[in-house]
Amino acid sequence: MATKKQNIISKIFNDKSIQDYVNVFPNRVGSQGFDAWGFNIKNMKNNMRLTKYLYEDFYKVETVGLENVPKEGRCLIIPNHSGQLPFDGLLVGYSLLTNPNGARAPKAMVERFLPTVPFIGNWLSSVGAVIGDPINCERMLDNEEAIIVFPEGVRGSNKLYKQRYQLQRFGSGFVHLAMNNNAPIIPVGIVGMEETIRSYADLKPLAKLLGMPVLPLVVPFIFPSKVFIYFGKPIYFNNDVHKESDIKERVDIVKAAIDDLLKQGLARREEYQRAQKEKNKKV
Amino acid sequence: MEPKKKILVTGAAGALAKKVIDKLKKDYKIVAVDFRTKVDLGIPVESYKVDFNKRLFEDIFREHDFDGIIHLGRISAQELNRFTRYNANVIGTRKLFDLARKYNVSKTLVMSTYFVYGASPYNPSLLDETTPLKASELTMDLVDSVELENLSTIYLYKHPELNITVLRPCNIAGPGVRNTFSMLLSEKRSPVLWGFSPLMQFIHIDDMRDAICTAFEKNIPGVYNVAPDDYIGFQDAIKASGSRPIQIPSIPPSLTEAIAKFLNWKSFPVYLINYFKYPVIIDGSLFSKTFNFKPKKTLDDIFTYYRSLK
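Protein sequences appear in the order of chains A and B.
Numbered per the working numbering, the first sequence spans residues 1 to 283.
Numbered per the working numbering, the second sequence spans residues 284 to 593.
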């Protein structure tokens, strides 16, 4: 057991392949390796080493449709959100960093309370997380960056296990941002994360008492699960709406696209699980 | 030959004012004032110790026909009490503006600070000049800084003949600078908050001198952030300057406050605790474009200087 642990640690920290990816994507950091949002190239390299292990060995991620992500220029990456902790954002980010069609270092919009948490706030911003303020997002789109936004917010990440693969209410801010900044939306369906950390209740009164947005009652174990990430075709919206209900319609278009990608992912997972069972039988 | 124009520089005892005076004294006749002391700046520079709120201050305007004012003098929150500071910084500045109007001064530059934006976890990055000033929401000790800005903005629009330019620089650093964060870079051991390393911007004192002189001479009134587009985490800056960080507990916040009060360090004041936690990154692009300004000194130049002190 000790040797297995040592092997994993050695694999994570001695991985030299990360530098190849870092050399590829555009470098927008200053003389000390930081950009204006706290993204830090050194921390990101270390984080990539750890994420590589999670991505390749733990979640064994399979991606489909990475060619739909623009190689350069502004875009909003819009996935479903699940799994209590933001590992889904980490995996989508890693898939973009290692995209064979054109590596990109994306940013991810996160909950506003996170900067107040010691260590976590700093670590998140150093690997590309930015507080979910539209001003931040517009500035980064102006810089032609790729930005991951979870329109479900905590409603998605902290939903109960029994609600898995049911998309929660979407905020509409991302459609405004896409329209106002002429940015394509890339819908993303993530299958597999919903089973990894299972929540059976939301302890709302206690959460309120502690000043937290949610306090889920979870099984303290990360269930292993193969993850499938499906990237859909870019969706473009003209900046021509007259009322908020038009925005709602556009939000529903994106939501339907993600729902469709989830269905494709779930079908692929069933196929994969059948193949695994047959393989095991033969063995 | 046209006689040299005359300008009044306030806060003459400060390192930045001395550099500004040194640069401008070739082309202007300089009158230097400071509330702390009569500063000896050499023969061509007349120097006075004054209190803006005393009637004698007007005598300087009666005696000299000023073309412009560079208002750098301010009592910092480390000096004197809140009431005296407000009187000197806000009421005193009002007096200065009124005298400037009475004696037909046609150019006025006011030095502010990025502190006026306030360090909040909800701040977006790259705050521009239209961002609301929220510092007084966080601490009463910065009320005078925000009020000084508000007063300058009122005079800027109500009395356009004064041609007021307000500069909001990021942390100024380098030889002689005594503000909170530059003092921390110069110390051997510096307090930091455990688990927090807010992103910061630093501008070298020589670049800030050039920014002030350029803005004063080009005279394009308005409010401008002054900051380079280069950034570093605070704890990284401390280490890069050869200082050793002392980790102060950051949770619960009341414990941090109690520690700051107990230690009573000038370089770790209670009213700035949020600035040790959350970034206040300002967008200096308007100033850069308007005045064609680019800092010459890098962050490495700044940290090399502080390392050389250790």
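Check the hints yourself; a few may be wrong.
Said to hold, decoys possible - Which chain A residues face chain B? A few, computed with CB under 10 Å, are given here:
| no. | residue |
| --- | --- |
| 1 | N40 |
| 2 | P70 |
| 3 | P118 |
What the hints contain is simulated information worked out from the structure, not anything from laboratory work.
Since this is a predicted model, take the numbers as computed values, not measurements.
Using N, Cα and C, we set each Cβ at its ideal position, and we do this for glycine too.
Results of checking the hints against the structure:
{"no.": "1", "hint": "N40", "result": "holds, 7 Å"}
{"no.": "2", "hint": "P70", "result": "violated, 23 Å"}
{"no.": "3", "hint": "P118", "result": "holds, 3 Å"}
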